[in-house]
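**Q** Here are the chains, one letter per residue:
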Amino acid sequence: MSLCEQCGKKEATVHITRIANATTAASHFCEACAREKGFVVELPENLTAVTPSDGDTGIRQCSQCHLKFSEFQATGLLGCPACYGEFQEEIDKVLAQQNGPIVHTGKHYAAKIRESSGQADVTRLIRELSEAVKREEFELAAQIRDKIRNCSQAGSCPQ
Amino acid sequence: MLQSILTHAIPPWLSHQGPESDVVISTRIRVIRNCARHQFPHRASPHVLARVFDEVTDAFRHCGLGDSFNSVNFRLLDARERQFLVEERLVSPGLADAGGDRGVVHDRPGRVSVMVNEQDHLRMQCMDSGCCARELWVELDAIDDAVGMQIEYAFDNRIGFLTCRPSETGTGLRVSFLAHLPALTMKRSIAGVLDTMQRLGITASGFFGPPMAAAGPLVQLSKSAVRGFGESPFCDDMAQAMQQIVALERKAREQILSHERQLLTDKISRSYCALCGADRLEVGEFLDLSSDLRFGIECNLFDKCTILDLNRLTLFVLPAHLQTFLKRDLGDNEIPESRARLVRSFFTRSTKE
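Residue numbers (my numbering), protein chains in the order written: chain A, 42 to 200; chain B, 89 to 441.
Worth flagging that the hints you see were computed from the coordinates, not collected in a lab.
Be aware that one or more of the hints could be misleading.
Unchecked claim - Listed next, with one range per pair, are the computed distances between beta-carbon atoms:
hint : chain 1 : residue 1 : chain 2 : residue 2 : range
1    : B       : ASP367    : A       : ALA137    : 37 to 45 Å
2    : A       : GLU112    : B       : ASP367    : 50 to 58 Å
3    : B       : ARG437    : A       : ILE57     : 20 to 28 Å
4    : B       : VAL314    : A       : LYS153    : 22 to 30 Å
To be verified - Covered stretches of chain B, going by a simulated chain A footprint (3 or more residues, C-beta under 8 Å):
hint : segment
5    : 170 to 179
6    : 261 to 268
7    : 310 to 319
8    : 380 to 391
What the hints assert, rightly or not - To be clear about the criterion: a stretch of chain A counts as covered by chain B if any three or more of its residues have a C-beta under 8 Å from a C-beta of chain B, and this derived list gives those stretches:
hint : segment
9    : 72 to 79
10   : 132 to 138
Model, not experiment: these values are computed from the prediction.
Where a beta carbon is used, it is the ideal one built from N, C-alpha and C, also for glycine.
Please put together the full structure from these sequences, using the hints given.
**A** Encoded structure:
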C-alpha cells in the first residue's frame with residue numbers, strides 16, 4: 042500500500058501521471074488531498090454521458106483503447122497498437138517530419154506463435170483467477186477455474 | 089567490506105575486455121517491442137500490466153534461451169534495490185520510479201536485460217565492454233527471434249515494429265556507447281567532436297544520461313535508427329563513427345604524452361591526492377578525478393590500481409551500491425562521507441600491496 046504524498050497518512054488511491062517533453066512525473070494522493078488539490082475524483086453518475094458515441098460528438102478516438110486524438114496530440118503517446126490504424130494519416134505526418142523514409146526496411150516479423158506450454162497457461166490462469174475473485178467477478182472466476190481444471194486433466198501440466 | 093567489493097562479480101560492460109576498451113568503456117544496443125493485443129503501459133490497467141509481465145516472464149522461461157534469466161517484479165523490491173539495478177544499467181531510472189507490475193528480466197551476468205512495462209511493453213537491451221555494436225546486434229537479434237515466437241509482437245509491414253511513441257517505430261533500435269575521452273577534453277577539442285556527432289544525429293550525454301549534461305571526459309553517445317535503415321548497416325555506421333572518435337582520442341593522447349607529459353603527471357598526482365584526502369565526495373567529483381587516474385593507468389603513468397578495480401570502485405561509489413555493501417541505509421548527508429571513506433580505504437589497500 043502506498044501512502045498519500047500530501048498527508049502521508051491515508052492510502053493513496055488517486056494516481057496522477059503528468060507527461061511533458063518526454064518526462065513522466067507520477068503523484069499519488071489520498072482522495073481527500075486529491076480533492077483539495079482540485080482533481081476530480083468522482084465518477085459521473087451518468088456514465089453514458091462520458092462513454093464515446095459514434096461521430097455525433099465529433100471526438101476522434103481509437104475504437105480499441107478509446108484514446109482520444111487530442112490526448113495523443115497532447116502527450117505524443119499512442120494508446121495501443123490499433124491506434125496506428127485509427128490515426129494513420131496523422132501518424133504518417135509525424136513520421137514524414139523525421140529524416141528518412143516512412144517505410145521500414147529493417148527486420149521483418151511474422152507472428153508464428155508456438156503453442157504455449159501448459160505450465161505457463163496455468164500460472165497465468167491462477168493469477169487471473171485470484172484477481173477475478175478479488176474483484177468479486179465470480180462468474181468469470183468460475184470460468185477460469187474450469188479452464189485450469191481442463192488443463193490439469195489434459196495432463197498438459199505437472200501437478 | 090572492501091574485500092566483498094573486490095570479489096563482487098562485475099557486470100560484463102565494465103569488464104574492460106572488449107575491443108577498443110581503452111577509449112570505449114561499453115556498448116549498449118536496445119530494441120523496443122510491444123505485445124500486439126495489449127494497450128501500451130501508460131494506458132494499461134493494473135490487470136493488463138500484470139498480464140504482460142507474466143507473458144514476458146513465461147516467454148523467457150520457454151523460449152529455449154536457457155534458464156539463466158531472472159525475472160524481477162519491482163512490486164517486490166524497495167527503492168534501494170531498484171536503484172541498485174539502475175546503477176548496474178539493467179533498467180532506466182524512469183522504470184525504477186513507476187509503480188505496478190513492472191520490472192526486468194535479465195540474465196545472471198547482466199549482459200542482457202529486458203525492461204517490462206516501461207514506456208513500451210518490452211525494451212530489450214544487450215551490453216558489453218568495448219566497441220561491439222555489430223556483435224551485440226547478432227545476439228539481440230537471436231533473442232528477439234526467440235521471444236517473438238512466444239509473444240505476438242505489434243508489427244506493421246509498412247512502418248515496422250509499433251511503439252508507444254510513433255517517432256520510434258521501425259526497427260526500434262538504439263545504439264549507445266560509453267566513452268572515456270580525457271585527452272580530447274584536456275585539449276579542449278571535445279566540444280568540436282561532439283558538435284560533429286550532433287550533426288550526424290548522434291547525441292551526447294553524461295555518465296548517467298539526460299539529466300546530467302555531457303560534461304567531463306565520460307560521455308555517452310547514442311542514436312536511434314531511422315526508418316529506411318537495416319539494423320546491421322546502422323550498427324556498422326555507428327561503430328564506424330565511434331572508431332573515428334577512438335582514433336582522434338588516441339592521437340590526442342599521443343600528443344599530450346609527447347608534449348605535455350608533466351602537465352598530465354601533475355594532474356594525475358593531484359587527482360589521486362584529492363581522492364585519498366577528501367572527507368566528502370560527490371559522484372560527479374569522483375568521476376572527474378578518477379578519470380585522470382584512468383587516463384594515467386592507460387598511459388602507464390599510474391600503477392596504484394588496475395582499470396578493472398577502478399571500474400569496480402566506480403560502481404560501488406554509487407548510492408545504492410554503497411548502501412548495499414555497507415548493509416545499512418544512509419542519510420543523503422552521510423553518503424558523500426561514506427563514499428570518501430570507501431575511496432580512501434580502496435587506495436590505501438592498493439598502495440600497501
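**Q** Is 22 to 30 Å respected by the C-beta to C-beta distance linking VAL314(B) and LYS153(A)?
**A** For LYS153(A) against VAL314(B), whose Cβ atoms are near 28 Å apart, the range 22 to 30 Å holds.
**Q** Would you check chain A against the segment 170 to 179 of chain B, counting CB to CB pairs closer than 8 Å, and say if three or more residues qualify?
**A** Our answer is that it is violated, as 0 residues pass the Cβ test (under 8 Å) against chain A, missing three.
**Q** Could you see if the CB distance from GLU112(A) to ASP367(B) stays within 50 to 58 Å?
**A** 51 Å, holds
**Q** Given the range 20 to 28 Å, decide if the beta-carbon distance of ARG437(B) to ILE57(A) lies inside it.
**A** 49 Å, violated
**Q** Check whether three or more residues of the segment 380 to 391 of chain B sit with their beta carbon closer than 8 Å to a beta carbon of chain A.
**A** violated (count 0)
**Q** Verify the coverage statement for the segment 132 to 138 of chain A against chain B, using a C-beta to C-beta distance below 8 Å and requiring 3 or more qualifying residues.
**A** With 3 residues closer than 8 Å to chain B, the segment 132 to 138 of chain A meets the three-residue bar; holds.
**Q** Between the segment 261 to 268 of chain B and chain A, are there enough contacts, at least three residues with CB-CB distance under 8 Å, for the coverage claim to hold?
**A** violated (count 1)
**Q** Apply the coverage criterion to the segment 72 to 79 of chain A and chain B: a residue qualifies when its Cβ sits closer than 8 Å to a Cβ of the chain, and three qualifying residues are needed.
**A** Answer violated; 0 residues pass the 8 Å Cβ test.
**Q** With a C-beta cutoff of 8 Å, work out whether three or more residues of the segment 310 to 319 of chain B approach chain A closely enough for the coverage to hold.
**A** That given contact holds, which follows from 7 residues of the segment 310 to 319 of chain B lying within Cβ reach (below 8 Å) of chain A.
**Q** Within 37 to 45 Å or not, the Cβ separation of ASP367(B) and ALA137(A)?
**A** 57 Å, violated
When the structure is compared with the earlier hints, violations turn up for hints 1, 3, 5, 6, 8, 9 and for no others.
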